[in-house]
Amino acid sequence: MAFSAEEMLALYRKMLLVRRMEEKHGELLASGDIWMMGHFGTGQEAVAIGITAPLKKEDYLFPTHRGVGEFIGKGMVPKDIWAEYYGRTTGLAKGKGGLHLSDVRVGLMGLVGSLGADFAVAVGTALSSKMRGTGQVTMIYFGDGTSNQADFHPSMNLAALWQLPIVFACANNQYSELAHYRETTSTEHIAPRAAGYGVPWKIVEDGNDIQAVYAATAEAVDRARRGEGPTLVEYKTYRIAAHFTGDPGGYQPKEEIEEWKKKDPIDRFRARIIEQKVATADDLENMNREVIAEVEDAVKYAQESPWPAPEDIYQDLYA
Amino acid sequence: MTRTITYQQAINETLRQEMEKDKMVFILGEDVRVSPFGQTAGLVEQFGKERVRNTCIAESAIVGTAIGAAMTGMRPVAEIMFADFMYLAMDAIASQAASWRYMTGGQVKLPLVIRTVSGAGWAMGYNHSQSTEASFMHPPGLKIAVPSTPHDAAGLLRTAIRDDNPVLFFEHKFLFPTSGEVPDEEYAIPFGQADVKRQGKHVTVVATLLMVHKALAAADELSQEGIEVEVVDPRTLTPLDKETILASVKKTGRLVTVEESRARNGVGAEIAAMVASEGFDFLDAPIQRVGAPDVPIPYSPPLESTFIPNEDRIIEAVRRVLG
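For the record, the sequence lines run as chains Y and B.
534 is the number that this note's numbering gives to position 298 of the first sequence; each next residue is one higher, with no gaps.
283 is the number that this note's numbering gives to position 12 of the second sequence; each next residue is one higher, with no gaps.
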């Protein structure tokens, strides 16, 4: 399937927005304006935006800690992200979540800090939509590193056993925290594990091609929505960013990073848009300026938002 | 009018009644269709396999699944077959279920119940005998029910299922065959309301689950010597009915806490600390805690019975606080 011109521009804009948001986070951290460390997804924007594009607003998504990609993809807006990052009362979690963003209105159910703790929770939302007959699909997005967590196993098993409407989306960015994934993972590919549960799987070899990411994901999402059960899709990509801002670094060879910068998913999509005459370079530069302005406005909104009061610490614990 | 039922029946029929009332209520866990202790026996015949759902052996995934279902409109009642196995789901319970609502600033609610079975004394060894409820008093965001009678089991379970928060519900394996009176009509027991199981004026004994019955037996014996023990059953550990405990200590001036698990960092430790800070002036003697020694639960019957607190140890503690 091919994107319409409108879709291409909308997806490109989201990818740009993600990149500019994370760059801004880095700047604000360097200047001491914000104190929350960043786990950026630089270089993985095609996966984050491509996997969320086939989802409907009411579908459930369990995101990763790596940047804001899938949050933007699923429909969270910059001002809500910054308000939460700044720890202000205008954040959707009123500053209690911080990096652990959620926007339940658009199906972003919450970001766990114990990686992999959400595998079974995603099974639960998928079971719930199946039992309630709502047609909603759940997507659990995780990395090659988290694929080794214990709950991956029973969650795949239960999702397959109960034929749940769920997509397991694994970004293989080649680095599990501060080590190459092959130092800690026994196989090159994650997706074939699905066969052990009788679950169909697919590898997207070029996870920096948003079209390829979208196509494979849309197929899995449609399968889930038709009631045909889970799929595991693995997207090969590369984490240009460090694991966290200020990590010791040095474990990713410089040449490797340079090589992957040439495959930057945003640059590639941009070239395709221009080549297919969907927009001109000037148009896209204008879009970039708009995106920067949107990010700046959102940061300003957060900076000007009120702090929580100390007594708010006791709010929202029990329903 | 009242009727007499067992603790196991109280749980079974409350589950049945709540499932009849609300189709969002469903059960999941290991072997919940056959049900080795019988709490969920017969429910699959009435409600079908969709709502009485056997899971694979994976406690963390049972709780995780319940969390996801609860945050999207269902009211799951998960079963963890033995309280020991709650630790296999520790992150899911203590970090995720406990915090999810808070972490989202109240965007979701988690109406889920986790039922489990505690208690030593069946020579089942270190991993099928523990009473782990005290471990869950530490994380915020949970509620903990510890019924000691059929009446309390039915009333607390009904409240647990209707509560919009994660509730841990501990059943004691020795209590399943015990019987007691319950009202004919449906009733619920609010959380945070202790029950004074026996009135007394000389010493307050706070006990939970099976230890309530041992405390009552000890009180019977002491009463023959003219020592009148007041037995207070908190019924829920979170929230804790501080008022009833403090009022009792104010009357008696003496406090003994009794729990089946280790006293160190236990239920009694929290209650003793609370009374020491909020009711110090009421106390005429140092508080005594009765609990198990700081060892795993051994298998051999003479060792296991040394582990489990008994009437003699409760009587000794009562005598100590009386000087």
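These are computed hints drawn from the structure, not numbers from a lab.
Worth double-checking, as some hints may not be accurate.
Keeping only pairs whose Cα atoms sit at most 25 angstroms apart, straight-line, the calculated BS3-like set for lysine-lysine is [unchecked claim]:
#1 B:Lys380 x Y:Lys293
#2 Y:Lys366 x B:Lys521
#3 B:Lys468 x Y:Lys366
#4 B:Lys472 x B:Lys521
#5 Y:Lys366 x B:Lys292
#6 B:Lys380 x B:Lys468
For clarity, every value in this text was computed on a predicted model and none was experimentally measured.
A quick look at each hint next to the structure:
1. This hinted pair checks out: B:Lys380 and Y:Lys293 have alpha carbons roughly 20 angstroms apart, not beyond 25 angstroms.
2. For the proposed pair Y:Lys366 and B:Lys521, the alpha carbon gap of about 54 angstroms is over 25 angstroms, so the pair is violated.
3. For the suggested pair B:Lys468 and Y:Lys366, the alpha carbons sit about 45 angstroms apart, so the restraint of at most 25 angstroms is broken.
4. Under the criterion of a C-alpha separation no larger than 25 angstroms, the hint pairing B:Lys472 with B:Lys521 is consistent with the structure, at around 10 angstroms.
5. Only pairs whose Cα atoms come within 25 angstroms are accepted, and Y:Lys366 paired with B:Lys292 is accepted, the gap being roughly 20 angstroms.
6. For the given pair, B:Lys380 sits about 34 angstroms from B:Lys468 by alpha-carbon distance, which is inconsistent with the 25 angstroms threshold.
Violation of the numbered hints given earlier is confined to hints 2, 3 and 6; the remaining hints are satisfied by the structure.
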